[in-house]
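Those protein sequence lines, which keep their order, are chains R and P.
Taking the working numbering, the leading residue of the first sequence gets 617, the next gets one more, and so forth.
Taking the working numbering, the leading residue of the second sequence gets 1092, the next gets one more, and so forth.
There could be a bad hint or two in this list.
Stated by the list, open to error - Derived CB-CB ranges, DEER-like:
| id | chain 1 | residue 1 | chain 2 | residue 2 | range |
| --- | --- | --- | --- | --- | --- |
| 1 | P | PRO1251 | R | PRO652 | 55 to 65 Å |
| 2 | P | THR1770 | R | PRO652 | 50 to 60 Å |
| 3 | R | GLN686 | P | ASP1258 | 27 to 37 Å |
Unchecked claim - Quick look at which bits of chain P chain R covers, simulated, 3 or more residues with Cβ under 8 Å:
| id | segment |
| --- | --- |
| 4 | 1356-1362 |
| 5 | 1594-1605 |
Don't read these hints as lab results, they were simulated from the structure.
Think of the CB as a built atom: it goes at the ideal place given N, C-alpha and C, for glycine as much as any other residue.
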Amino acid sequence: MTLNVKERRNKTGTVLVATGEINSETSGTLLQSLLPLVREGKPLRIDLTAVTYVSSAGLRTLLVVYREAQHAGVAVTLYGVSEEVRFVMSATGFLDFFETGEAAAAAAKAKAAR
Amino acid sequence: MSETRSEQVLRVDAYPTHEVGGYRVRAGKPFPFGANVVPGGVSFSVFSDQATSMTLVIYKRGEPEPMAELEFPEEFRTGSVFAMTVFGLDHENIEYGYRADGPYDPVTGHRFDARQVLSDPYARLIAGRDVWGVEPDRSRGYQYRSRVCLQDFDWADDTPLGIPAEDLVVYEAHVRGFTRHPNSGVTAPGTFAGLREKIPYLKELGVNCIELLPVFEFDESDNPRSNPETGEKLFDYWGYNTVSFFAPKAGYAATGRYGMQGDEFRTLIKDLHAAGIEVILDVVFNHTAEGNEQGPTISFKGLDNATYYMLTPEGYYFNFSGTGNTVNCNHPVVRNFVLDCLRHWVADYHIDGFRFDLAAILGRSLDGTPLPNPPLLELLAYDPVLRHTKLIAEAWDAGGLYEVGNFPAYGRWAEWNGKYRDTVRRFLKGDPGVTGELATRIAGSPDLYSSRGTAASVNFLTAHDGFSLADLVSYNDKHNEANGEGNNDGANDNNSWNCGAEGPTDDPDINALRTRQMKNALAILLTSQGIPMLLSGDEVGRTQQGNNNTYCQDNELSWFDWDQVDDNAELLRFTREMIAFRKRHRELRSTSHPTGRVRENLGLPDISWHGERAWQPDWSAESRLVAVARCGAGDDDVVYVAMNSHWESHDLELPALPGGRSWHLFADTGAEAPHDIRTPGTEPELDNAGKYLIGPRSVVILVGRTNDPDAFDTP
């Protein structure tokens, strides 16, 4: 299974849309796409809506991106995490590191309600 | 210009030098053993002293037949280590093993068979038993398949908690059994992730250490028996049958089917640490799942049988473990294997300590005789990586070596104190002639550990092996029929008492007595000096229906029934408050044994013994009443514990207290809930300062303090 990535830029930052599986074979490609975006310094959203599987190596790649972003002071948000991928990320603790789009939206909604 | 983190550093050893079987390779590094991801490839390293050749067998993940068989070139052998780096492998999607060729001559100890594919003893992941209970495809030639594992993990700021041993309250639990019950309410029942969801429960209970039954990869399906009554398959539920010592059990992980059990387990440990709870692993180095000459060949047998196992002069397996084989622990190569394994769990998994199953075997020589100065035990005691981990021995083995109180400790080793268990059980039952030994046991067993301190004694009344606490007070005899061994398995000397009826009963008096007996047990355990250990579920009266050997029962006999948290809220509350009480009173956790020396500020000895009359204990054979008062360094309270296993009430004369202190009632197991126990610090003052009536088969705990409960708080 391959991984396709597409960039989309908007006023608030960059969205990287991934399609396919993120595993040891494809995570190198993903990293090469993401690191330059992190270094641009703008908020980055990684859209995983069309990602069906993230392997152990894939989760590590996402965490490397997160750590790089943290180092650069850039906000990274995961978006569209499927139930299965979310379950795996949650059980293995990786989810704890990330802000996910859904959680961010809920926080914004809660803030608006106050 | 400084290099960015993402730019790969080029290395000389990232280039192949040879080609074997169509794969680009080069000589690997002998150390570390196992399969390790290196630039451009994977380095494989395996030891065999007598193998004449070694072949690396590589499979595409899940495929029955190998995709490659690469024989190690002769020049890739250093000493007795075969090491090779293979380039271009997708490390995440391969499984591997070895074929070792050499002599097949059991009399000289060698069982080489190049037809067998063998697991890597150092494999960090094992595939083949990915989801608990799924019947494996036994037609496959290679069952327990080594996998390559990424060993990086983001521990953030996790560091060892370093809880002083004497402050521990250990909770012995089974990863699967803790949340497998349908009523557990967790997202992934029976897994590391499920246990993680129950951390708030453990925290609220107050335990600060969880001791997990074996989590190294084992094969739950290797039990051939079935339940004779129901015909249901029986499992190897406990897991004391290790298949692979460096690999966490995949079937214990919700993500085991993805090979992510390592990360899931690490996340559990990280979160337990964040909750102030240490993690001790129950480890089994005395034997392996390969059994005797009839057992399967998985790894050691085929790689280097004569090194890894203790063998008789005729080439049969010594059986000091009772399971068929005995690991040759004090062979220099095997010593290093054990050390490497424990270092792995401490460094890569942040494990805080280990409990060694049948640890007496670790002190035996290559021919089985006990060693006066066992090098393995010394090695583990002084190892730099293990230096601050807890080391706890089950100080006996199935070969008759019983070393409780006498285990070679090197100032480091603690022991499961089986004598504590037996003595307190006999006292609770009401046996005559026990009060004298009971006093010794609750004072930290100075007869056994005088030079080692109280924390050398891990005190327990129940453990996975034996009756649960509820069954200890509900059955006179074991009821192991469901195990399919004609009730011949399991211990016969249980020192249990059913309180008047065998098994469940509607008799309210018997049930009330059982509840009281459980509270008595918990009260004595948690006020004894030494490290207390609770069996998971005892705090809510978990029953195994009288089965005292549930090693094969993966069902409600073994699982924690979460409905009991509400149904037995009274016992749970009692346990919580007892743990909180222990934490509040440092005198109960003193590292040194009490001497009877008078403390100047209180004018009372650090320990004093009492009976019906203050200062007059009755050590006679017919006595079933003993009381102890403690005031230790660092506390200005006095704790008085009266234990009555007599079926009659007794009037207690209480010792007088100095300095404006008076007696306050913390617990009386003879009282109806909620008056059976108080929250520490809120104990009401006794109306009659000098006397207290202790009921039949009851424990009373008093605190001698001023009326300002916070005046002498332990920090």
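Hints, verified against the model:
1. Hint check: PRO1251 of chain P to PRO652 of chain R, Cβ distance near 39 Å, so the stated range 55 to 65 Å is violated.
2. Hint check: THR1770 of chain P to PRO652 of chain R, Cβ distance near 59 Å, so the stated range 50 to 60 Å holds.
3. Between GLN686 of chain R and ASP1258 of chain P, the C-beta spacing of about 36 Å keeps the proposed range 27 to 37 Å intact.
4. With a threshold of 8 Å between beta carbons, the proposed coverage of the segment 1356-1362 of chain P by chain R holds, since 4 of its residues qualify and at least three are required.
5. With 0 residues having a beta carbon nearer than 8 Å to a beta carbon of chain R, the segment 1594-1605 of chain P misses the requirement of three or more and the stated coverage is violated.
Hint compliance for this structure: hints 1 and 5 are broken, all remaining hints hold.
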